[in-house]
Every structure is written in structure tokens, then in C-alpha cells.
Amino acid sequence: MFDTVITSEQLFQALRETVVMVGVSLFFGALLGIPIGIVLVITRPGGILENRFIYAVLNPLINIIRSLPFIILLVAIIPFTRLLVHTSIGTSAAIVPLIVYVAPYIARLVENSLLEVSPGILEAAEAMGATTFQVIWHFLLPEAFGSLILTMTTATIGLVGATAMAGTVGGGGIGDLAISYGYQRFDTFVMIVTVVILIIFVQGIQSAGNRLARKARRD
Amino acid sequence: MIEIRNVHKTFTRKGQSIEALRGVSLNIAKGDIFGVIGYSGAGKSTLIRLVNYLERPTSGEVFVQGEPLSGYSPAELRQVKKKIGMIFQHFNLLESKTVFDNIAIPLVLLKKSKQEIRERVTELLEFTGLSDKAASYPKELSGGQKQRVGIARALASNPSILLCDEATSALDPQTTKSILELLKRINEAYNITIMIITHEMAVIQQICNKVAVMERGEIIEQGNVLDVFGSPHHPTTQSFVQTVIHNSVPQSVLNTLKAENGRRLFKLKFVGGAASEPIINSLIRRFEVNVNILFANMTEIQQTTLGNMILQMHGENTVIDQAAAFIVSQGVEITEVEA
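Quick note, the sequences are listed as chains A and B, same order. Residue numbering for the first sequence follows the numbering used here, starting at 300 and increasing by one per position. Residue numbering for the second sequence follows the numbering used here, starting at 58 and increasing by one per position.
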């Protein structure tokens, strides 16, 4: 029906690359972003471990990274990427900027989720003589759990979008396929297929996230 | 048990300083149910938070079981807090945990074994009448049930003090009554000292033995509940007392009384045994006076009845004086009111 130059193998390869890029950068992004988000909440003025210095450093730092569009971040930190993975092209080279991009995003979203926890809960925790770690572990995180799932859902979808640009450094993935075949070689079939795949991808992530969050919130 | 000694507390917000407490002192003995009443903004919330150091005094000192709280390290202070339970107006339960797990939290923080936790929580569920709700989530409970969970949670670590921050203000009168009964039972069964802050005089009347009245960061009156209810001195205290004991004559009645001569108005106060004596009956038999009862009311406070009566006596001035003297001789307080 359509004339296309790509094989189904290429398509699956691209799919795999997207899943790897999203999965790996989400994992490391969360590993960095969640603790940073927690630190932001507890060190903020009026927080349970108020620390003006840490907050004053972390807060603008996150804003600075978040001000850069991913495509610029991607090329701007190439020296850093090379330092870390000894290459500046390919999937692993794309993962480094993806992590740098998503970690502050997750940190900010986690901060917002945790701020939603009622101050009354924290007061109760303090009245019980909970340590800072206990407040985070037994009060803050369980109470924000449903909201945190939605946070991670949003971050994942953001990452899917960002991976499309990773093609610029030869990262591969669905987005790359769409640009290099669908756009640059006028392959309409590839364009349609990649768009449909991306839509299914994002829809799937969102509804899975919603379902999990609903379960956690017992609505 | 708890002593607050000349505490001042100043908050600074946006360059403006607000004096929440201005030299407050009070003493709560072991086993007391100590009520603090005041309008909102009087400083009661700040006051109760001094006891578990959620608020630190700007100056002055707080003693719990004889020890100044300012002398403790943060780690020691956490241990002290585990012996002070607290319940809140909005319950502050964890929505993400079941009733059982909510009550278990203080024990989890103490790193108790699963077995110990199960036993203690089951006992508390029973005590608070929540046995069938163990697996429910706070969202599924009524306000009264939520507060029972809050109480069970506060008792989990066997505290010797229970702080109640407007614990019944979000509840309807019937539920308030049952929660207050539960608090009273806790006080009697475990000999836990209770401090309650409230703006409802009915709460004080129902369970407290001591009361302090606060206004603008100061305690304007304090003492035994019976004494304060019987003879409130400060106008604010009087208006609080009047919310539960009505002892004023309506203005319209006073207006009709003004016109008449040879009639005098008296306010009588009966405490305890005097309330059950047929004093008015004796009064009418012994003296040539006509007695008109304008108002009478009895209130129970601390298992003692407090009676208030306003009566009008009509007759010879000297006879009325004798009648009044007779009433005093019966152990009843009497004051003449200008009509």
C-alpha cells in the first residue's frame, strides 16, 4: 500500500532503543531526582530540616538546568557526556543528557507532590518524636505516594518526547526514525507509523500511571 | 507534671512581630484534666504546643515532670515527646494507612516487634470501640471515629500526658460528648494528665477539673472549674460561663420590674448540698414576704451541683433584710441586684 524503505527489523530496533533510553534515564533520573526533591522540601524555609544554604544552592541550580530546552542541553553538555561514557554519539551518549534533563524535572515534580502533604501530618509526626528520616519514610512518602506515581508518569512522558531529539546525537529510537526517514526521506508510511506508536506509547504510560495512582489513593 | 513559667512567645512574620504569649504561667498537677479556654487568637494553640516543644518559648521556661525542656538535646527531646500524646482538631491521620497502621505508627517509630504492635493496637482498638474498623481507611470513617483513631494513636506509646488541641471543635455536640467521655475514661483508667484547649465552655464543664481563661496572650483567670464557674471575675470569663449557665434576667423582664416599688431583686448561688434543701419553702413560711422566682437553673460540674436563682421579694424592707440573712445562714450566696 505504501512505499517504504524501512524494514520491520529497523522499526523494532528503534522501539527497543526508545524503551532503553526512557527506562535507563528514568531509573537514574529518579535515583537522583527523588532525593533532591525530598531535600528541597525538608530544607526549604519552614521545612523540617530547614537549611538556607542547601536550599539556596539547589533551588536555582534546578531552575538553570530546567531553563534549557533539551535539544540545547544535549549539545551543550557533550564534553561532560564524553567524560562519562567516552563517546558523544549513540544510545548511551543520549542517555547522559536525558538523565541530566529529567533529574531536575523529577526533583521539581517530587517537591510539588510532597508539598501537598498536609502540614498537620508533619506536625503529628513531630509531636510523636519522629526523626527526620522517619518523617520522610513513614509520613511524607506514603502520604504522597499516589501523587508521586503521577509525577513519575509525567516525567516518563516528558522523557519519551526528549528521546525523539536524541536522534541528533545518533541516539536512535522512534523519534530518530521519524526524522531521518519520515521527514528527511519523505517516507509517509514511517511518519504515520511512528506517530501512531508514540501516541500509543504515551497513552499507555498515562493510563497505567492513572490506574496505579488511583489504587494508591484508594479512590 | 507540667509547669509553664513566665513564658513569652513572639512570632516575626514579614517584619511584623506578634506577641502570642505575654508572660504566661500555669501549673498542671498529675491526674488533672486541665482546660484552657479562649477565643481564637488568644494564644491557646501556641500555649499547648509549648508542652511538647512544637513551639519554643522566646523567654521563660517549660517544665515537664520537673525537667526544663530547654535542657534536652534533640534526641532526648524526641524521647520526651514519645511520653506526650497529642490529638488534633483535624485528626491528622495518614490517609494512606489503615486504622490499624495509623494506631501502630508510634510503635513502629519505637521499633517494637510485630507481635507487640499487634497486641497493643488490638487492645487500643477495643478500648476506643474501633475493633471492627481496623482494616478501614480514615476516608471511610466519620469525624468521631477519626478522633477515636487519633486518640488510640496518641495512647499507643503509653504516654503520661495527653494534649488535646481543639479535639472536639470539628465534631457535632453528640459526638463531642462521646469523645469527652472517652477522654475522661482515659484519665481515670490510665491516670493520664490531660490538657485541653477549646473555645467551648461545655467541654470545660463536662470533663475538666481546672481551667485557665486566656485573652490576648495572657491568662486572665484560672482555678478550679467549680470556683471559676461559680464566681467568674473577668468579663470574658463571665461571657464564657454564660454560654453554659444562663443567669441573667432578660431585659424585658427587668423593664417591667423597674416600675414597681417595695420589690427587691436577688441573685442566689447554691453550691453542692445547699441545692437540694427546700430553702425557698422555709423562707416563705418564716417571713412575711412574697417570693417571685424569675429564674432558676442547675448545672452539674465536677459531680457537684451549681444552682443559680434570681428571685424577687416583696414586703417590708426590714423583713426582706432578715429573709436575706436567713438565706445566707443556709449556706447560700446572695447578692442584691439593682433592677
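Source of the hints: derived by calculation from the structure; they are not laboratory data. Treat each hint with caution, since some may be false.
From the derived model, a few chain A residues whose C-beta atoms are all more than 10 Å from chain B [to be verified]: (1) I420; (2) Q433; (3) L449; (4) I499.
From the structure, some residues in chain A lie toward chain B, with a derived Cβ separation under 10 Å [claimed, not checked]: (5) I377; (6) F379; (7) A424; (8) E425; (9) H437; (10) R516.
Even glycine gets a Cβ: it sits at the ideal position worked out from N, Cα and C.
Violated hints, by number in ascending order, as checked against the structure: 1, 2, 5, 6
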